[in-house]
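S.K.: Protein chains in written order, with the numbering used here: chain A, 1 to 144; chain B, 1 to 418.
Keep in mind the hints are simulated off the structure, nothing from the lab.
To give a feel for the contact side, a few chain B residues facing chain A, derived at Cβ under 8 Å: (1) E182; (2) V183; (3) N212; (4) N222; (5) V223; (6) L242; (7) F254; (8) Q257; (9) Q259; (10) G262; (11) N289; (12) D335; (13) P384.
For clarity, every value in this text was computed on a predicted model and none was experimentally measured.
All C-beta atoms, glycine included, are put in the ideal place defined by N, C-alpha and C.
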Amino acid sequence: MRAALASLVAASLSVGCQHATKTRSQEQGKQRSQEGAAAKKPPSKEAPASTEPTKDTISTSRTTKEMFKTDGLKKMQRALAKNVPGLKETGQLDAPTQEALSAFQKKAGLPDTGLPDFESLRQLKMKPDELYEPQPPAQKDGVP
Amino acid sequence: MRLARAALDPYGIKAARADALNTPPHLRWYRQRWFWLTAAILTLVIGMRVALNPVATALTRKALTKIEGYTANIEATQVSVVPFHLTVRELVITQNDAPEAAPIVFVEKIEAQLLWRKLFQGRLVALAAIEKAKFVVTAGVSKTTPQMEEAGRKASAEVKANDFDFGAILQKVVPLKIDRIEVSDSEFTVIDGTHPKAPSFWVSEVQLVLDNLVTRPQLDENVPLTLTLRSKVAKTGVLKMLATADLLADKPAFTGQAQLAGLRLESLNEWTMYQACVSDKGVIDVFANFNSAKGKLGGDVKLMVRNAVVEPATSKVSDALKAGVANLAIKVLSDRVQGRDAVATTLPIRGSLENPDPQVWPTILGVVRNAFVQGLDWGFGDLPKDTADKPEGIIKQTAQGLDKDDAAPKAQPTKAGN
Chain A
1 MRAALASLVA ASLSVGCQHA TKTRSQEQGK QRSQEGAAAK KPPSKEAPAS
51 TEPTKDTIST SRTTKEMFKT DGLKKMQRAL AKNVPGLKET GQLDAPTQEA
101 LSAFQKKAGL PDTGLPDFES LRQLKMKPDE LYEPQPPAQK DGVP
Chain B
1 MRLARAALDP YGIKAARADA LNTPPHLRWY RQRWFWLTAA ILTLVIGMRV
51 ALNPVATALT RKALTKIEGY TANIEATQVS VVPFHLTVRE LVITQNDAPE
101 AAPIVFVEKI EAQLLWRKLF QGRLVALAAI EKAKFVVTAG VSKTTPQMEE
151 AGRKASAEVK ANDFDFGAIL QKVVPLKIDR IEVSDSEFTV IDGTHPKAPS
201 FWVSEVQLVL DNLVTRPQLD ENVPLTLTLR SKVAKTGVLK MLATADLLAD
251 KPAFTGQAQL AGLRLESLNE WTMYQACVSD KGVIDVFANF NSAKGKLGGD
301 VKLMVRNAVV EPATSKVSDA LKAGVANLAI KVLSDRVQGR DAVATTLPIR
351 GSLENPDPQV WPTILGVVRN AFVQGLDWGF GDLPKDTADK PEGIIKQTAQ
401 GLDKDDAAPK AQPTKAGN
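Model the full assembly from the supplied sequences, consistent with the hints where possible.
M.R.: Set out below in structure tokens:
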């Protein structure tokens, strides 16, 4: 244990006392924007609605994403777009989709989780197996 | 002529009477079978509904008297035959020997109804909806009853005897199954009854749905059991959870994630002041990702404490010292990512359902990496953590973990092989 702590301190000193100032996604974003500037694409006229998660919505992990069928998510987004014009068919359970689903559930008198449950899907004229994969991803692909 | 007749009999009553009198007796409407059949059915349905309500209320109250150590009562029940529907209103449960006899459970409405689509498949399956429920647990005061302890022992023995085969256990339960459970606008409070000020922790606005609890191969609609949840925690945090599971597999399989975001540390001050004589400011976010199949377990819990400041709760020197040390540690271990100043790390958990293995060294490395190398992303984007192919020594883990060009510290494989 002492050896481990000593190696940790030594490694920290070798790294230097400069604190991390960016996250991995920020660095990747910066790299992408630099590449984008190099490609000289014309700027879009409208800023796209943010799909980033917020306190009231969640992003999905690598394994959770595999719970859903992409076509099913798009079909759900198409159905929700009747009440929320402009909702994009991203094929992902992103923040705008969760917000639209939450509004739909409130209107329908269902528990407003913002996440797709079977009754919400039925009221959107969908069957649960159109959205959900038949097995939990861990069962199909193994525990990562 | 027609106008004259209309003037004399503006509502057509006389004309209708004349028609009836002119109609042969066996064709008059009150002699028709369909009329009496319809009347009989309506009388039966209405009569049953009126008669069943007090019977159902009495039976439910009688069943509730069997709970030892607690007093339970309901306001009323309503029964509907078509469609079959049972509603229980204002269920109240209080603990008999609690000092204030405050209710520990209050439920405004519980509804159960049969699912017709399952009935056509030959199964009795129901939906249960719980509305505006309040649960209060007081540590040091709330007690378990002998029935609860016996039920707990039996359940534990059943699970062990079946080697965690929840599917086999489920199939032993009574035929009437609950396919869907909804909980809406409910809350849960934990009170520390051992403390004079009785600090409390409140989870409110609970919205929960459990779908497809009746999971049998021929009736599972080709989808797993699904859980969705949203609630507020201590007024400031938002808890969301999403999971799917297959309880019919030999060992339960599940995948899911839970997120607690934006919980302000000030809302926990009642507890921290009692436990450690310090109060905190800042925000904590927790992201948990979990997977299990064939007895193996893989989980990751990411913690982020943002903009944290610790203050002494009293003017004592010891409290000031504690707060000072804590603030120094926070200052050293925070990243400098704009807008957050977070102390963050991910705790990997590997192993099996029977023997989960939380891994400390990757967790410690994670704190250091977040502070000095690269800030952790907010959210689930980097979860689950990769697991190393072979066990790695501490020095190798440290070197890789602190290298910006290398990935974040990996979880270590266990003897179980994951």
